[in-house]
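Sequences listed follow chains A and B, in order. As numbered in my numbering, the first sequence has no gaps in its residue numbers, which increase by one up to the final residue, 199. As numbered in my numbering, the second sequence has no gaps in its residue numbers, which increase by one up to the final residue, 240.
Since the hints were derived computationally from the structure, they do not count as laboratory data. Each statement offered as a hint is correct.
Computed footprint of chain B on chain A; a stretch qualifies when at least three of its residues, placed anywhere within it, have a C-beta under 8 Å from a C-beta of chain B:
#1 28-40
#2 45-59
#3 65-73
#4 77-84
#5 154-160
#6 175-186
The beta-carbon is built from N, C-alpha and C at its ideal position, and this holds for glycine as well.
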Amino acid sequence: MFRSAPGERAPIDDAAGHADDPLGDLLTRAGRGDQAAFVELYDTLAPLLHGIVLRVVRDPAQSEEVTQEALVELWRLAPRYETSRGSVRSWATTLAHRRAIDRVRSEQAARDRTAREAQRRDLPPHDVAEQVVATLDATRVRKALERLTDMQRQAVELAYFGGHSYRQVAQLLNVPEGTIKNRIRDGMIRLRDELGVAT
Amino acid sequence: MNGIDVHQLAAAYALDAVDERERAEFEAHYPTCPVCRPEIAGFRETLSHLAAASAATPPPSLKAEVMAEISTTRQLSPLLPEPVTDLAEFRQRRQRVLQLVTLAAALILIAAGAFVVGRQSRGTNGYAATAAAVFSRDDTRVVDLLGSGTGSFKVAWSPSSAQIVVIGNGLADPGSGKAYELWQIDNAGPHAMGLLDSAGNGQVRRVLTVDGAPSEWAITVEPKGGVDAPTGEVLFTNPA
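Required output: the full structure, derived from the provided sequences and hints.
Okay, structure coming up:
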């Protein structure tokens with residue numbers, strides 16, 4: 001119904017673009033029940049998905065469960081993937097992040113985390129720093145993040161990695177909700193532009 | 001929600017930083033919005049780079065577990081009435097289909113009468129099929145109940161299907177003439193969800209229908225005749 005017209009979206013400067021997305025072919029094959037293709041997808045995507053799940057969920061054992069859920073979900077939904085949805089990486093990341101968020105919000109633990117972080121206010125250093133894989137992405141992303149104002153970066157990170165809603169972020173920082181919404185929005189736009197992601 | 005509000009929500013939505021109501025509202029809006037739709041795609045692409053910068057290799061054992069699970073996991077059919085170009089739109093559409101299926105199923109069940117309902121919930125095959133349906137829903141949440149009781153209880157709840165699956169393992173014998181009972185607790189107090197007959201091997205497998213939005217569960221041991229309010233000690237409940 002809302003299939004993108006050809007050329008509507010410019011390709012992004014990345015191998016994980018849409019039409020020539022090498023993962024797209026693997027996912028299409030996996031969507032026909034090809035488990036060998038899924039193994040290859042696993043090797044590429046598992047570190048990406050586990051990394052984001054780990055940052056949101058934090059607990060390693062629970063993170064493994066959520067990563068597993070996300071990968072199985074990817075398999076289940078694979079027959080319905082279309083390139084017009086965006087790159088496979090983007091689609092898979094969205095799916096895994098949503099799962100991670102659902103996990104932390106469905107638990108009482110979320111409330112405790114909020115309480116703990118309210119006392120800390122500033123972002124804790126990444127506990128998974130030593131596991132961070134040094135990639136081109138990591139350097140580019142770090143540089144792009146540095147271009148955000150401290151306030152924008154804090155709001156984006158508390159929401160995306162901290163798993164907080166913008167309302168919770170507003171409470172944590174004791175700032176009006178509208179202000180946080182704007183910081184998140186401005187931060188995301190700047191991040192997108194700095195990373196050269198076309199829209 | 002007016003137009004300006006909706007557009008402002010795009011970034012927060014892409015970050016999963018909205019509540020469930022806003023999520024639903026935005027997902028109803030953005031697939032048709034020429035401003036929000038490409039914006040969401042761009043934000044999601046951006047976030048996949050952000051996520052990639054935190055990549056962390058999972059333990060090697062996870063691969064075997066995932067491959068084992070997918071080998072028994074049925075994929076969705078690729079057939080849809082119209083091409084679906086977006087996950088949110090796909091979810092919405094599936095929601096509508098599921099609602100129709102649920103309605104149809106409800107009508108069949110009503111027609112078939114209580115006998116069939118009972119068999120569906122208690123028979124092993126009926127349980128497995130219904131439980132699998134509950135677990136396969138996107139909105140299913142699983143809670144491990146904790147407490148002083150021997151063994152474990154798990155409750156999986158799917159708001160969209162109004163069904164819960166109760167799984168008990170390694171349970172102590174509740175005693176002669178007694179059974180475990182599940183309670184749903186809200187502001188008005190505990191409501192009986194039903195006695196959970198164990199299969200004699202300390203296991204409970206039940207699918208139950210639930211009203212409203214339960215937030216807390218409790219399990220006690222009660223006389224098999226049934227009681228209006230819990231009389232036994234709370235053996236299992238939601239983790240604090």
